[in-house]
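> Here is how the chains run, residue by residue.
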Amino acid sequence: MSKKVLDRLKKELGDTILETSNFRGDDTAWVAPKDWVKVATFLRDDDALQMDHFIDLTAVDYPEREPDDARFDVLLSVRSAGKNHRLRLKTKVEAGADLATLTGVWAGADWAEREVYDMFGIKFSDHPDLRRILLYEEFEGHPLLKDYPIERTQPLVPYRDVEDIAKLPPFGLDEGQPFARVDWKERLAGNDAQVSPSLGVDAGQLRNISDSQIAESEHSDMLQTLAGSPAPAPGEG
Amino acid sequence: MKFGDEGFFTTKLESILAWARKYSLFQYPFATACCGMEFMATAAPRYDIARFGAEAPRFSPRQADVLWVVGTISQRQAPVLKRIYDQMADPKWVVAFGTCASCGGFYDNYTTVPGVDKLIPVDVYIPGCPPRPEAVLDALILLQEKIQKGGREPIVVPPREVPTLAQIRAKKALR
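Protein chains in written order, with our numbering: chain A, 1 to 237; chain B, 1 to 175.
Calculated directly from the structure, the hints in this document are not laboratory data.
There's no promise every hint is true.
DEER-style ranges, computed between Cβ atoms [said to hold, decoys possible]:
id, chain 1, residue 1, chain 2, residue 2, range
1, A, Pro128, B, Phe106, 34 to 40 Å
2, A, Asp129, B, Met37, 34 to 40 Å
3, A, Pro128, B, Asp90, 34 to 40 Å
4, A, Val162, B, Ser60, 42 to 48 Å
5, A, Glu140, B, Asp90, 46 to 52 Å
6, A, Leu75, B, Gln148, 56 to 62 Å
7, A, Pro67, B, Arg76, 31 to 37 Å
8, B, Arg132, A, Val162, 27 to 33 Å
9, A, Pro63, B, Asp86, 53 to 59 Å
In the SDA-like style, the derived pairs of lysine to any residue whose C-alpha atoms are separated by at most 25 Å in a straight line are [what the hints assert, rightly or not]:
id, chain 1, residue 1, chain 2, residue 2
10, B, Lys82, A, Lys83
11, B, Lys92, B, Ile16
12, B, Lys92, A, Asp52
13, A, Lys146, B, Lys92
14, A, Lys123, B, Lys82
15, A, Lys4, A, Leu75
16, B, Lys92, A, Tyr159
17, A, Lys83, A, Pro155
All values reported here derive from a predicted model rather than from experimental measurement.
Every residue gets a Cβ at the ideal spot worked out from N, C-alpha and C, and that includes glycine.
One chain only, chain A, in its complex shape (with noise of 0.2 Å):
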């Protein structure tokens, strides 16, 4: 059904539009950067499109492409109320190179585009105000690159010089859920322990424990307290 668009697309603009493809009735048309604003401005003009709602604009980052390809991915998301039909228009953008802005054509790409140089570093040209959106201007670099390190914060105010900052609160996983700090590397080699690294293995949360393991394990004083027998000698803790 949603194929007008894109035969339309291909019929109009022909050489314009390097692929096109079809997911499950979601259409995807590519085109070269310096078609960009063109063929947005076609979406929005043309009768039988009549894009009118932009969605959003996000991009993807590629490391991996360079240097044969260009890095970045920019997706465009429209659809028109009158028609209810919907395109996502991708092109592929290197890094270091500008790509021209749509707020000419939908004033709602203003803030996208903005959050798009936020995370990606991706500059739009013309663009009338282009800020950082989300971050603060004294952040360094952009997050949803690739290479920006995991690990890597970058605190607005210096956290307080307190001796073992880093181990308060005392938290274990006893709080009821699993939240965080997780050993993937233990997970992925199948190892089902919701461990800490810093906490070891007896702090996880054993999830596959066989009845053997539980009348042999830490759970034995447990038994006999549950069951209703004198609860042995408690320890030092």
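Dock chain B against chain A, hints included.
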């Protein structure tokens, strides 16, 4: 006139002051995320935090005694939180409400402050994502005990005793 040992006298006065303080806590809820719902539930009639003398939320830090940091604090919000804390008059206490405020929770990345104790001293930590209102009340009582005692060591609300799956199965196996 003779009042006996002066130190003894001072201690008693502080004890009375602490008693008065702990039952008249004015709160500043710094609610930034989903934990805010749980804070509202605690303040609402079913759990009714007013029973413990902490019914008055003040949305001016100058009038507040307790800063409840309820929810995730992003790096960009950190200056605001710091400023709110600095504006509060002494004596003041801070409660880190929920896992995010306590240690960053699952936000282990560039956006989030890994625990508000990196910015301001915290008196009571409430684990949970979000914590149940019972845990919040536990925290309030712990804070009151702490105010009475006068120490500044951080406290973590202990988890409620909920049997693990292994415990339940073990109990079943014994029957």
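> What are the numbers of the hints that this structure violates, sorted from low to high?
Hints 3, 4, 5, 9, 10, 12, 13, 14 and 17 not satisfied by this model.
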